[in-house]
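Residue numbers (the working numbering), protein chains in the order written: chain A, 1112 to 1358; chain B, 22 to 465.
Misleading hints may appear alongside valid ones.
[To be verified] Computed cross-link-like contacts, SDA-like style, restricted to lysine to any residue with a CA-CA straight-line distance of at most 25 Å:
(1) B:K460 / A:E1142
(2) B:K373 / A:D1230
(3) A:K1129 / B:E409
(4) A:K1224 / B:I423
(5) B:K406 / A:H1211
(6) B:K442 / A:L1184
(7) B:K51 / B:I126
(8) B:K82 / B:N380
(9) A:K1253 / B:R447
(10) A:K1224 / B:S427
(11) A:K1168 / B:K51
(12) B:K439 / A:K1296
(13) A:K1265 / B:L340
(14) A:K1308 / A:D1291
(15) B:K373 / A:K1224
(16) B:K406 / B:E436
(17) B:K439 / A:F1260
(18) B:K460 / A:G1206
(19) A:K1253 / B:I126
(20) A:K1253 / B:I441
(21) B:K439 / A:D1248
(22) A:K1224 / A:L1184
(23) A:K1265 / B:K365
(24) B:K55 / B:E74
(25) B:K406 / A:E1258
(26) A:K1265 / B:R426
(27) A:K1168 / B:K406
(28) B:K439 / A:G1206
(29) B:K386 / B:K397
(30) B:K77 / B:S63
(31) B:K460 / A:T1307
(32) B:K442 / B:E422
(33) A:K1253 / B:D443
(34) B:K442 / A:K1224
(35) A:K1253 / B:S42
(36) B:K373 / B:E282
(37) B:K460 / A:K1168
No lab work stands behind these hints: they were computed from the structure.
Since the structure is predicted, the reported quantities are computational estimates derived from the model, not experimental observations.
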Amino acid sequence: MNNILDIHSLHATIGEKKILNGIDLKIQSGEVHAIMGPNGSGKSTLANVLAGHPSCKVIDGNALFLGQDLVSLEPEVRAQLGLFLSFQNPAEIPGVRLDHFMRAGINAIRRSKNQDDVDILGFDRAITKKAEVVSMDPQLIKRSVNEGFSGGEKKRSEIMQMAVFEPTLAILDEPDSGLDVDALKIVAEGINTLRTKDNSLLLITHYNRILNYIEPDFVHILINGKIVHSGDKTLAQEVENKGYDWL
Amino acid sequence: MKETTIPNQFEKTFSEFEKISSKIDPEWVKSIRKESLLIANSLGLPTARRGNEEWKYTDIKALNKTLFSDFSTYNIDDKPIEINYKNLEDDSLHEKIVFKDGICISKTFQKDSYVSNILNDNDISPENSNQLRNYLAKLTILDENFFAALNTTFFSFGALIYIPDNTNITKPIHLSIESSSQSEGNVANPRILVVLGKNSNATLIEEYLSFTNTKYLNNAVIEIIIGENSNLNHYRMQNESIESYAITNTTVWIESYAHYESTVTDIGGSLVRNNLNVITKQEGASAKLNGIYIVDEKQHIDNQVIIDHAMPNTNSRELYKGILSGHSRSVFHGSIIVREGAYKVDANQADKNLLLSDNAEADTKPAFWVYCDDVKCGHGAACGKIDESAIFYLQSRGIPEIQARSMLIYAFANEIIKDIKDEFIREYIESFVQYKLEKLIEIR
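Isolated chain A, as found in the complex:
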């Protein structure tokens, strides 16, 4: 097993507001970590800090991804190293087709490794296959990114992208929010098919629901920007029954 992510005493702000107050977290290859916590506890900020969102500022600590500190890296470099963020509310990009968007990303990553661009026809065939992972309507791939997509279609699109990018670490920011039971099952099963012994998942969620489908190795409870409790999957059930107040 290798260290994939090693976060040490991470403090971060958005604007004037301190959101993360010293996060420590270690993720090794093949592991699934779930982060749960009440609204405003800093779950999405943690995801955004790791992905390099420009509005999040790290003021202390570090986050080593495959041994390299993410903090000083541009967002695109993090992606090129194998980090992937599935967005809770991904942006709409009018005029940029989803397939072109993914191809531009894949080619940018390949160029960063001095590899040639993908073959366009081969890539088209490959993404059609990847869309099947989450039973996504292949017509959507030819449309502008997220434009006019339903909430569920956006989530499917994010997981399809995860399948295309094959990241070493995927951070999934509430991939379950706004999904009905059937869609949740499809998305969760899609995520499961993408798990290997070499990659890892950091799954941010509000509810225990998705953890019935994606079994976490560790569950962490985030409150006020700090991990206050860690445990195995039974912790999620406990939170479901008792809420966060007892922690």
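Please build the complex by placing chain B on the supplied structure of chain A, with the hints as guidance.
Below, chain B without anything else, positioned relative to chain A:
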């Protein structure tokens, strides 16, 4: 109130000009020139004075200082041509007509040409001569339009494109309107008349290029008549020198069940003003007017578009998009007129702007003059910056920031480009737009 900046400013220039033109002009053209001269002199340069809505946002005072010293007449020097974006291959064109500093220098035309040189008697057939007399300077309303009057006073050889009834031209006719004068303050007056007969189809590319860095005024007048059941696809691409003033006055008459489609791409010029007046003359006429302007530094572009729905069951679609960087400024003034009795008109207009800098400014002003019930009119205007959340989204997929920005800017422009049906022209305009966008993104 009429204001004359300099009384009889052009008398002297005209008397010089007339020494040559009088040898060529038929009598009817001589009288048109004289009338226009009177109008130009009495109007003077338009000013941004109070109440002059048309020129409220565009100040052209500077023209008086630097221009009007040298009017292009009939002598032309050939200059080498270099183009830094993909050029049109001659074999994909029906015909290419070249203007140099406002004067049509194509003197001989190919066998199947539909073009003749206005005022060149050796070339013009009796039928074409009739078309000229019927329409030249009949479409453009000169009374309130200084620049159109100036052009009509001083135009030299122009181009008459006459396409008879039942004629289908598949390849485009390309007008290459080139500025190369080395003399500061040159005024060029390109003149184009397009007459499309009944049941005919044609494509026109009107391209403005510059091979000089001097200050000049390119002051074009284009008049277009589209006969019953005919279609005209009209593409204008303007890449004048960054020092230049580029003014166009275009008037289009659309007859019954005829269709006019215009795609205007403006990337050059220091001050650009396009007046486009489209009139649906008969029932069933329709128009689609698309435009894209990309400006930076201190460029100023002003589009005044009037669609006059004079008849019932006519429709129009209008979409202009602007990309502004640096200290540039755009003005879009779109008027839609629906005349009395013009029922079932369907008109829609939109102007959208993408501001890449805090110092750029876009003024957009829609105006509706509706004198009839039972019509459908809509408009939209938008002005915004690049969506930073979309930039981050692209970056999170491995795409470097600069590439992400250019993808979004290009996508904004592409709404116009993807609408161009002809693949060959679409690629050409795409390369034209790309050329400017690359410059714009580099400077940032």
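Comparing the hints with the structure gives:
Proximity of B:K460 to A:E1142 is assessed by CA-CA distance (about 47 Å); at most 25 Å being required, the pair is judged violated. Taking the CA atoms of B:K373 and A:D1230, the gap is near 35 Å; set against the 25 Å cutoff, the hint is violated. About 22 Å separates the Cα atoms of A:K1129 and B:E409, which keeps this hinted pair within 25 Å; it holds. As the CA atoms of A:K1224 and B:I423 are separated by approximately 19 Å, the hinted pair is consistent with the 25 Å bound.
As the CA atoms of B:K406 and A:H1211 are separated by approximately 22 Å, the hinted pair is consistent with the 25 Å bound. Distance restraint check for B:K442 and A:L1184: the Cα-Cα separation of roughly 43 Å exceeds the 25 Å cut-off, and the hinted pair is therefore not satisfied. Proximity of B:K51 to B:I126 is assessed by CA-CA distance (about 21 Å); at most 25 Å being required, the pair is judged to hold. For the given pair, B:K82 sits about 22 Å from B:N380 by alpha-carbon distance, which is consistent with the 25 Å threshold.
Proximity of A:K1253 to B:R447 is assessed by CA-CA distance (about 20 Å); at most 25 Å being required, the pair is judged to hold. Annotation: proposed proximity of A:K1224 to B:S427 holds, straight-line Cα distance about 22 Å (limit 25 Å). Pair hint A:K1168 plus B:K51 does not hold up; C-alpha atoms about 74 Å apart against a cutoff of 25 Å. With a CA separation close to 38 Å, the supplied pair B:K439 and A:K1296 exceeds the 25 Å bound.
Taken as a hint, the A:K1265 and B:L340 pair is broken in the structure, with Cα atoms around 29 Å apart against an allowance of 25 Å. Restraint check: the Cα-Cα separation between A:K1308 and A:D1291 comes to about 29 Å, which exceeds 25 Å; the hinted pair is violated. Between B:K373 and A:K1224 the CA atoms are separated by roughly 39 Å; this puts the pair beyond 25 Å, and the hint is violated. Our distance criterion of 25 Å between C-alpha atoms is met by B:K406 and B:E436, whose separation comes to about 17 Å.
Straight-line distance between C-alpha atoms of B:K439 and A:F1260 comes to about 21 Å, which keeps the hinted pair within the 25 Å bound. In summary, the hint linking B:K460 to A:G1206 is supported, as the alpha carbons are separated by about 21 Å, within the 25 Å threshold. Distance check on the hinted pair: A:K1253 and B:I126 sit about 47 Å apart at the alpha-carbon level, beyond 25 Å; violated. Restraint check for A:K1253 and B:I441: the C-alpha separation of about 19 Å stays at or below 25 Å, so the hint holds.
With a C-alpha separation of about 24 Å, the suggested pair B:K439 and A:D1248 falls inside the 25 Å cut-off, and the hint holds. Only pairs whose Cα atoms come within 25 Å are accepted, and A:K1224 paired with A:L1184 is accepted, the gap being roughly 16 Å. For a cut-off of 25 Å, the pair hint linking A:K1265 to B:K365 is broken: about 40 Å separates their Cα positions. Of the supplied pair hints, the one linking B:K55 and B:E74 is violated, its CA atoms being roughly 28 Å apart against a limit of 25 Å.
For the suggested pair B:K406 and A:E1258, the alpha carbons sit about 18 Å apart, so the restraint of at most 25 Å is met. Using a Cα cut-off of 25 Å, the hinted pair A:K1265 and B:R426 holds, with the two alpha carbons roughly 22 Å apart. Taken as a hint, the A:K1168 and B:K406 pair is honoured in the structure, with Cα atoms around 23 Å apart against an allowance of 25 Å. With a CA separation close to 10 Å, the supplied pair B:K439 and A:G1206 stays within the 25 Å bound.
A hinted pair counts as satisfied when its Cα atoms are at most 25 Å apart, and B:K386 with B:K397 qualifies at roughly 19 Å. This hinted pair checks out: B:K77 and B:S63 have alpha carbons roughly 20 Å apart, not beyond 25 Å. Of the supplied pair hints, the one linking B:K460 and A:T1307 is violated, its CA atoms being roughly 45 Å apart against a limit of 25 Å. Between the alpha carbons of B:K442 and B:E422 the distance comes to roughly 32 Å, so the proposed pair goes past 25 Å and is violated.
A C-alpha spacing of about 21 Å is found between A:K1253 and B:D443, which places the hinted pair at or below 25 Å, so the restraint holds. The hinted pair formed by B:K442 and A:K1224 fails the criterion: a straight-line CA distance of about 38 Å is larger than 25 Å. Between A:K1253 and B:S42 the alpha-carbon distance is near 59 Å, which puts this suggested pair outside the 25 Å criterion. Between B:K373 and B:E282 the CA atoms are separated by roughly 19 Å; this keeps the pair inside 25 Å, and the hint holds.
The hinted pair formed by B:K460 and A:K1168 fails the criterion: a straight-line CA distance of about 32 Å is larger than 25 Å.
The structure does not agree with the numbered hints 1, 2, 6, 11, 12, 13, 14, 15, 19, 23, 24, 31, 32, 34, 35 and 37 stated previously, though it agrees with the rest.
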